[in-house]
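Chains Y and G are the protein sequences, given in the same order. Here UniProt numbering is used: the first residue of the first sequence is 1, the next is one more, and so on. Here UniProt numbering is used: the first residue of the second sequence is 1, the next is one more, and so on.
Hints may be right or wrong, so weigh each one.
Note that identical chains are pooled: a pair holds if it fits in a single copy or bridges any two copies.
[As the list claims (entries may be wrong)] Below, computed lysine-lysine pairings styled on DSS-like, alpha-carbon distance capped at 27 Å:
| # | residue 1 | residue 2 |
| --- | --- | --- |
| 1 | Lys285 | Lys359 |
| 2 | Lys111 | Lys465 |
| 3 | Lys500 | Lys515 |
| 4 | Lys302 | Lys386 |
| 5 | Lys316 | Lys533 |
| 6 | Lys111 | Lys357 |
| 7 | Lys285 | Lys357 |
| 8 | Lys386 | Lys310 |
| 9 | Lys630 | Lys187 |
Everything labelled a hint here was simulated from the structure, so no lab data went into it.
There are 2 protein chains.
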Amino acid sequence: MTKKAFTLIASFLISYLGANAQSSANLVQYINPFIGTGAVDASSLSGSNFPGATTPFGLVQLSPDTQDNPDNPASGYDYNDKTIVGFSHTHLSGTGVADLFDILFMPTTGKIYTTPGTSENPETGYRSRFSHSQESAKAGYYQVKLLDYNINAELTATEHAGFHRYTFPQGSDAHVIIDLNHSLNKKRSYWSCRIIDAQIRQVNDRTIEGFRIITGWAQLRKVYFYAEFSKPITSNEMVSGNHIYNNNTIVNGTNIRAALNFDTKDATPLLIKVGLSENSIANAKENLNAEISNWNFDGIVKEAQAKWEKELDKIKIEGTTEQKQIFYTGLYHAFTQPNNLADVNGDYMGADYALHKAKDKTDYSTFSLWDTYRAANPLYTLIQPKRTAGFIRSMMRQYETYGYLPIWQLWGEENYCMIGNHAIPVIVDAALKGIKGFDINEAYEAIKASSTVSHPGSPFDVWTKYHYMPEDLQSQSVSITLEMSFDDWCVAQLAKKLGKTADYNEFMQRSNNYKNLFDKSTGFFRAKDANGKWVSPFNPLDYGGNGGNPYTEGNAWQYLWYVPQNVPELINLLGGKAAFANKLDSFFTIKDLPKEVNGNASGFIGQYAHGNEPSHHITYLYNDAGQPWKTQYYVADVLNTLYNNSSSGYSGNEDCGQMSAWYIFSSMGFYPVNPASGIYEIGSPILKKASIQLASGKTFTVNTKNASEVNVYIQTVTLNGKPYNKTFITQKDIDNGGTLNFVMGAQPNKRWGVAQ
Amino acid sequence: MTKKAFTLIASFLISYLGANAQSSANLVQYINPFIGTGAVDASSLSGSNFPGATTPFGLVQLSPDTQDNPDNPASGYDYNDKTIVGFSHTHLSGTGVADLFDILFMPTTGKIYTTPGTSENPETGYRSRFSHSQESAKAGYYQVKLLDYNINAELTATEHAGFHRYTFPQGSDAHVIIDLNHSLNKKRSYWSCRIIDAQIRQVNDRTIEGFRIITGWAQLRKVYFYAEFSKPITSNEMVSGNHIYNNNTIVNGTNIRAALNFDTKDATPLLIKVGLSENSIANAKENLNAEISNWNFDGIVKEAQAKWEKELDKIKIEGTTEQKQIFYTGLYHAFTQPNNLADVNGDYMGADYALHKAKDKTDYSTFSLWDTYRAANPLYTLIQPKRTAGFIRSMMRQYETYGYLPIWQLWGEENYCMIGNHAIPVIVDAALKGIKGFDINEAYEAIKASSTVSHPGSPFDVWTKYHYMPEDLQSQSVSITLEMSFDDWCVAQLAKKLGKTADYNEFMQRSNNYKNLFDKSTGFFRAKDANGKWVSPFNPLDYGGNGGNPYTEGNAWQYLWYVPQNVPELINLLGGKAAFANKLDSFFTIKDLPKEVNGNASGFIGQYAHGNEPSHHITYLYNDAGQPWKTQYYVADVLNTLYNNSSSGYSGNEDCGQMSAWYIFSSMGFYPVNPASGIYEIGSPILKKASIQLASGKTFTVNTKNASEVNVYIQTVTLNGKPYNKTFITQKDIDNGGTLNFVMGAQPNKRWGVAQ
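If we strip away everything but chain Y, and leave its shape as in the complex, we get:
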């Protein structure tokens, strides 16, 4: 055997074994799509996740809805509900506001109903009872027995298509209901959901196509579908409002449904594959043909599982089964969006509502940036660098057609939900970490425009004139002042990298604006009016929502800690490290709640509310105060008590990956308090081992000894074998590859991580 031949064979064996190892890793087994699908009780928040079938970053999320015209949870599925209204093809994961729910299919038998009925009286419509004991889900697959009809319904998905397998009882009165009136709650006036027009057309006895045009949380969505059936449609009933047309070929209208009838005497399942497009029926058909060319349902399930396995494989962990379930379901939730809305041919609808063509065949949307810039986007930056470049190219498209980067982008359109301009930290973080695939100069132009061109929530003329947001000119003024100061700091960092000194100086100046709202008399950031007068009365416990109050979905206690760009200066404002740590102690222990708590605030530890994003970085701030063991304590407390592997596994809305990303980082032992700094604060690792596979081919591994719910305190740390006393690691440390070892114990090691 020559050396060359040996090398070849060895190389083969290595890749074979590697592939095998990867395959045998079977990380998808830990995905539990039911995590986050229900609240513990009516007083709690659901994660707002959905249990149905989807692929990483795909357009389609084919999932059961337990609610017609859903509102809360925003996913349309509540684990505590007893009936299912049907399976719609698009869903949001973890948001606080509902939308999508497009193209609902529901198999039934017996009498034909084309309206869903009520949850109180499921027998008055097509809705069916179901039981969790006859329901199952895994990545890319969902199954439920519809008890009222004795139908076993199974779902899987590709990026642009849903695949249904309905096993009916033997008979001749099987139906599939298509309901294009199923949408978010049309009565909630502030989203003003309205179906503008819709169509269902029977093309032939095995093909249905159509669309709906709808305005809702997303201002305008056009959703086209093309559906193929494995059995012939024997007859139909098409319905528009109260009008019923029998065996019509088409129905158009704003409230349209159809019942398709099938013969199921042969007992073989009915298969339905449904392509979707935001642009045209022709594209929906092209999308379907590109992704599901046969009738092999199980094959598509396997493909979906393989796609998930490939994404999960980026971080391999050791830990308890529950930890693995939370961790990998967390990755699954983080990778459920942003969603590539572009058709396979690259067509997409821009933020200008016009048809455009994406050269890269991708146009990502669902940018819940106020949530995700904190940890979900840094997670993508770390292990999804190519996708991150795609996200940025997609966000840049909004800048080009809409004048500024996304704030909250849904279905390619700005919905102005929440505050700040947090595409900026996302892009700056990626640029500073050297991610390729977007033009850094154009990105800077977009960032600067988003920081200077006034738009809803961002009146930059006010910002420039007052150096804070006066509450009488801009509601949510304290939160915006704090978060905008951080965004400005991010702009400055990229300006610096690009050598734009004047810009750097100007934006660094702006990044200090938060100081103008620090009220020494109360020790809190507090609203001022345009005359510079503190707004009274002031109670640091009082909550704001999304307008009409200086604090966004939080109170003065929660927003006191939001200076991630300059924690040392925040410590100075609060009177030094000791005072700062004392105030943190109070924060985590004061249990008083005002009469009205914003609904998004949940998962309390004192005033800390892990259920909503403003709190997410706060446990880590003890590090800078010289008391890292308290960071360790509270981080471990959150990891161990506010996450679990049940349907109520999150302490609030999962928020498009942010709640999961917090766990993913924190469970490995570090978290990006300042998400654009390349610095990760060290907390309290709970996983025995975590190996991050970097795109460079290098691996960064964290090993943790003795971690447990009791052993939450760091005893010693080594980085690449050398003792490590810093309370943070850097992106460079990770990029270099290597090993970070923790040894944990039940008592704080107050010498570790503190300047000696």
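Assemble the complex: chain Y is given as a structure, and chain G must be docked to it using the hints.
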């Protein structure tokens, strides 16, 4: 000189002289755009025409709006109003329902207002007073002095672009307001107008672009614009709701406006050219560049006039100046729509809301078919055969994407206004007259689908089951039964031509369904319920509107006459010619009105209401009853008393050319009572001469001697020199070319036109 050279010169001279003759005809001088722009008083209906600048069948109608959020008149301009709110780029001509009004521009001086103010207090907004004494309009041109600002505003247009010339007083506080919130009345709940999103962007100091996405009478319209200014914008104020942004580059929102500021010290006018597109800003720019390449405002006016001259030239008439003004303004109104919505590159939005490409670069819309199939479409068939083919190709596109032909198509979308499926007579008429340019077999497929696939207002399963429309299953049942019977007759005629005998027989059978609603006991068509019981109480004077009553915008008297496909059978139903004529006599003389008359019924002669379409053919029915002199009397009465050349020149809404087409045909002496039969009933010509230039090159000329308001009765008729005693002519007579001579007198010649 060789013979060849002589021929060339002669040929040159002929075309030179021909061109000169055409030019010297100067028919556009007779267009008075103010006709139809106002009602006589508050109790009358306006023609709902607009006085602004447009080109034949163009996308853009740049015209002043006197009303903000217009409702009635639907054109946005009421001649009786005292203030103008601005100049918007799209308008409907003559409709009963308002929509469009896109991209309003208004020049002002002094204090900046970005809301229009009220008509009661014009000084509280950008609105300005104006006076008709300082206002003028001609084809393709409009001018008004804005008295509050001392600004002379002039407008002209190309197919896809508006061109503004604003002469400001010398100064430095000149403004142009752009208001994208200007729309139809948003409070009229049944159209539910809502602006979904809009954008104004300052691209540079001479360019503004943007769009608005709006749902209204048309379910969804996307209107993009690209505007170039001849002077630099010195500063701007961009406004979203109550938020004002100074010198911003962009504003997005649902209620956005902008003030652009200019220096006008040099006293030269500010020129603005604005391209429009229904698809994208890029296309709006391309449209503008294709049509207005320079800053020659007067040149564009001349081009617009030449375009109109070319269209008017198809019929040359002699008569009084008032007759010429009514006639040519009628042609102008008839040729104002349908509008080609396609971009110059052929892009258009289909009825499926997706982007499509038209090979012929045209996609016509604004099909007010319930009105126009009666005479406006036959007029197009006669003198606009190429356009007619384009209209049909465009209507076929709705069939392809929407399943059936248009009922009332606005902005490429079906709005289901009015009843029937009157694209059918339009297409059948064109097919039977041999118009080329569309596929007759595909057209038949579309016609048959539109007559068999149930849709709103057309439940064909009910039609097939009951052989009439029961009022309890389909409101407006009498009108629909009558009009659907006619449409069915039309389907049968095309089936016959294509040799589809079974279809012919079936549809001929269906065309008799009207008989099932003839109530012998009352002598009227009357509603039945699904049990076959006459609906009571019944009063033939009682009016219906657009639902909730068996009669559409009319009463039993007016609908009694609607069997154009078989007048002899209608005569039989009514008891023979004498009884029929007596009933007609009653119809034209009974003056009783019920308490509530539908608002569209106006222009009364007894129960006859020329202000709305159901009456339009009725004066001609005496011909079939053997009393043609009564046809002559009433036709002349309508021509002479219900049309004039003033702002209140029509007796009701002009209805997209139908009211004008009635005059155009009738003033020449004939009218298509059955618009798909190729037969024109002879009435009472009032024009001294009318020459119709046919596409074949032939000419059909009508000469009339002694016509006057007194001499309304036909004395003798010759066709091509031979005495002519029939009360109708045929399309073949016209196609052959030739001359029809009338001699009129003050007394009926009761021997003419009557079987001897």
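Quick rundown of the hints versus the structure:
In this assembly of identical chains, the alpha carbons of Lys285 and Lys359 lie at most 27 Å apart whether taken from the same copy (20 Å) or from different copies (23 Å). Only between protomers do Lys111 and Lys465 lie at most 27 Å apart by alpha-carbon distance; the minimum there is 23 Å, versus 67 Å within a single protomer. With identical chains, the CA atoms of Lys500 and Lys515 are at most 27 Å apart within one copy only, with a shortest distance of 25 Å there and 84 Å across copies. For a Cα distance limit of 27 Å, the shortest separation of Lys302 from Lys386 inside one copy, 24 Å, qualifies, whereas the shortest one across copies, 57 Å, does not.
When the C-alpha separation of Lys316 and Lys533 is checked against a cutoff of 27 Å, the pair qualifies neither within a copy, at 54 Å, nor between copies, at 78 Å. Proximity of Lys111 to Lys357 under the C-alpha cut-off of 27 Å is found in neither arrangement, the shortest distances being 46 Å within a copy and 44 Å between copies. Within a single copy, Lys285 and Lys357 get their C-alpha atoms as close as 17 Å, and across copies as close as 19 Å, so both meet the 27 Å cut-off. For the homomeric pair Lys386 and Lys310, the shortest alpha-carbon distance inside one copy (14 Å) is at most 27 Å, but the shortest distance between copies (60 Å) is not.
In this assembly of identical chains, the alpha carbons of Lys630 and Lys187 never lie at most 27 Å apart, being 46 Å within a copy and 59 Å across copies at closest.
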